[in-house]
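Peer 1: Sequence:
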Amino acid sequence: MANAGDSPEKIHLPRTDESDHLKRIRHTFSHVMAMAVQKLFPKAQVTIGPWIDYGFYYDFDNPDPFTEKDLKAIKKQMIKIINKDLPVTREEVSREEAQRRINELGEPYKLEILEGLEAPITLYHLGEDWWDLCAGPHVETTKDLNPKAFDLESVAGAYWRGDAEKAQLQRIYGTAWETPEQLAEYKRRREEAKKRDHRRLGKELGLFVFADEVGPGLPLWTPKGTLLRSTLEDFLKQEQVKRGYLPVVTPHIARVDLFKTSGHWQKYQEDMFPMMAEDDQSRQDEVGFVMKPMNCPFHIQIYKSELRSYKELPLRYAEFGTVYRYEQSGELGGLTRVRGFTVDDAHLFVTPDQLDDEFLKVVDLILAVFRSLQLKNFKARLSFRDPESDKYIGNDEVWAKSQNAIRRAVETLEMDFFEAPGEAAFYGPKLDFIFNDALDREWQLGTVQVDYNLPERFDLEYVAEDGSRQRPVMIHRAPFGSLERLIGILIEEYAGDFPVWLAPEQIRLLPVTTELTGYAQQVADRMVAAGIRAAVDKSGDRLGKLIRNGEKGKIPVMAIVGAKEQEANALSIRTRAEGELGVIPVDEVIERLKTALSSHGNF
RNA sequence: GCCGACGUGGCUCAGUGGUAGAGCACUCGAUUCGUAAUCGAGCGGUCGCGGGUUCAAAUCCCGCCGUCGGCUCCA
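Heads up: the first sequence is residues 1 to 603, going by my numbering.
A portion of the hints provided could be inaccurate.
Computed list of lysine to aspartate or glutamate pairs in DMTMM-like fashion (alpha-carbon distance at most 20 Å, straight line) [unchecked claim]:
#1 LYS148 to GLU178
#2 LYS84 to GLU128
#3 LYS311 to ASP357
#4 LYS166 to GLU115
#5 LYS391 to GLU567
#6 LYS195 to ASP357
#7 LYS237 to ASP364
Hints in this document: simulated from the structure, not taken from any laboratory.
Whole structure, please, built from the sequences with the hints as guidance.
Peer 2: Have a look at this one:
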């Protein structure tokens with residue numbers, strides 16, 4: 001599972017790619033499931049059924065979608081099949097023979113699969129009655145499958161060949177292991193992961209809400225969530241000031257024409273909120289305003305507002321710019337995919353000579369930011385153009401230049417990375433930083449992009465040393481990517497237990513009796529004056545309840561204030577991480593908190 | 001956008017044809033109490049929205065909206 005963090009678990013849960021044996025087990029399980037499904041649903045057609053990281057799935061074309069009840073029946077049937085100790089046998093056949101047999105079964109999907117296969121064409125049989133086209137490998141017999149070490153998890157829709165234009169199939173997901181203990185541990189960790197889900201914790205901790213009345217994918221940030229946000233913003237702003245970034249602010253809407261020049265309107269209109277037009281004629285003429293899906297055209301206009309000299313470059317415009325994208329309804333979820341979000345955006349206008357160095361400096365900043373946030377589990381992805389696709393602007397030469405610049409950078413930094421053709425932005429390639437959420441789904445956070453195209457489209461210039469007009473190169477970059485998505489990931493990464501500097505409420509004072517509330521408030525006021533987010537629990541409940549509420553609220557530091565403490569000008573400290581720390585003088589508590597804040601460390 | 005499941009007070013959930021329930025939270029009262037829930041009372045819901053079936057709908061049917069799991073998409 002993702003996010004095992006640094007707490008070592010006793011039972012290792014191997015991914016399929018770690019073990020050849022598991023690969024066979026999971027693969028054979030998918031065949032057993034397909035066989036069971038066809039036994040129970042004779043009209044079901046099988047398509048593909050691979051192993052995946054922790055299990056397997058199989059896609060079926062069935063007149064009716066499968067239900068939860070069906071899953072139970074299928075599971076039972078699978079156990080029956082396994083207990084028959086059916087041999088799994090491989091058979092090599094000619095293309096013609098395969099065709100003949102498929103026609104005998106009447107399974108058109110298999111025929112389509114066969115077309116894409118290269119020799120040798122192999123079939124795998126489960127006993128006498130069932131076979132599928134398959135490259136293998138599999139276990140020897142169903143005896144090698146433990147009927148107590150698998151489960152069917154969910155049904156979902158999936159398109160044939162992953163193509164939304166093609167048939168809608170029914171996918172059944174299953175998980176399979178070598179031992180029942182592994183299965184139990186897997187399930188336990190899934191449950192744990194659900195508790196870390198930022199949607200759940202966000203609600204429990206009161207960080208953000210969604211309202212039907214506002215709209216889907218449009219989060220509302222509560223005071224607590226906003227404190228978290230602004231702490232992150234302030235942190236990055238400080239880092240950027242140190243690195244020569246200049247702040248800018250730009251509006252949320254602009255004329256359509258601006259995005260025609262950039263190419264957004266032509267390439268990504270479907271992903272933008274509809275145009276605001278004054279009347280039908282204006283709408284038809286495409287004269288109106290749109291919500292911005294990106295900030296770059298605005299920063300470009302600031303660049304263009306004056307004639308630039310090479311002496312000014314690199315110019316680094318930074319803004320926490322909120323953008324709006326009309327994401328497909330089925331894609332929205334929590335904070336990780338929203339329709340309105342804030343990008344920690346900056347656009348660097350550089351001379352071609354400065355490109356490599358500036359790019360490296362940006363990556364250095366991004367990695368420093370991740371380090372400060374204790375984010376360690378990420379992958380670097382080189383998101384390049386898919387040469388087959390027409391969704392990009394610019395010519396081949398420019399793309400090659402941009403992609404090479406990114407490749408040079410990761411090679412210079414000796415970073416681990418993988419290339420992903422087709423993941424580029426429409427105007428240029430990217431170096432993306434990919435993180436996993438609690439449920440192991442991948443999300444892009446930070447990104448750096450090299451762009452020769454927009455400078456061209458907007459006809460950007462600077463005056464070079466020799467007096468000639470030259471074209472700058474742009475670097476688009478966002479270490480967080482989106483503040484919303486970052487916070488979603490952070491919540492799950494920390495399981496809601498933020499380090500003191502990020503915690504919305506950093507210390508809570510708990511008066512043992514209500515008579516001490518006034519004194520506790522005085523102490524809290526001192527802390528607030530020292531830049532600490534301190535609060536007093538004034539509920540009047542008993543201490544046990546106050547502590548319970550503090551723990552549930554995941555307040556990193558609690559301070560019990562009783563008569564003894566008041567007399568000693570001290571606090572009895574209890575932290576989330578370490579429990580009771582004993583009585584500490586107020587001054588020392590404040591000092592330690594201040595240190596924790598500035599160092600991003602623990603109390 | 002597609003397939004499926006789900007949608008009951010602020011939160012978590014019970015209630016499957018006969019005019020709405022629990023715990024927590026909240027308010028009030030009593031208690032002034034030392035490291036994860038003090039006791040009692042009270043407030044609070046046109047059961048997502050709109051149609052339909054029925055003598056009667058939270059419950060059955062249809063449409064829409066939203067959430068969730070996938071798929072597709074993702075500047």
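Peer 1: Can you confirm whether the C-alpha distance between LYS391 and GLU567 stays at or below 20 Å?
Peer 2: violated, 71 Å
Peer 1: LYS166 and GLU115 were given as a pair; does the straight-line alpha-carbon distance stay at or below 20 Å?
Peer 2: holds, 17 Å
Peer 1: For LYS148 and GLU178, compute the direct alpha-carbon distance and say whether it is at most 20 Å.
Peer 2: holds, 9 Å
Peer 1: Keeping to a limit of 20 Å between CA atoms, is the pair of LYS237 and ASP364 held or broken?
Peer 2: holds, 15 Å
Peer 1: Mind checking the alpha carbons of LYS311 and ASP357 for me, to see if they're no more than 20 Å apart?
Peer 2: Cα-Cα ~16 Å, so holds.
Peer 1: Check whether the Cα positions of LYS195 and ASP357 lie no farther apart than 20 Å.
Peer 2: violated, 43 Å
Peer 1: Within a Cα-Cα threshold of 20 Å, do LYS84 and GLU128 meet the stated pairing?
Peer 2: Holds: LYS84 and GLU128 sit about 12 Å apart, inside 20 Å.
In this structure, the hints that do not hold are numbers 5, 6, in rising order.
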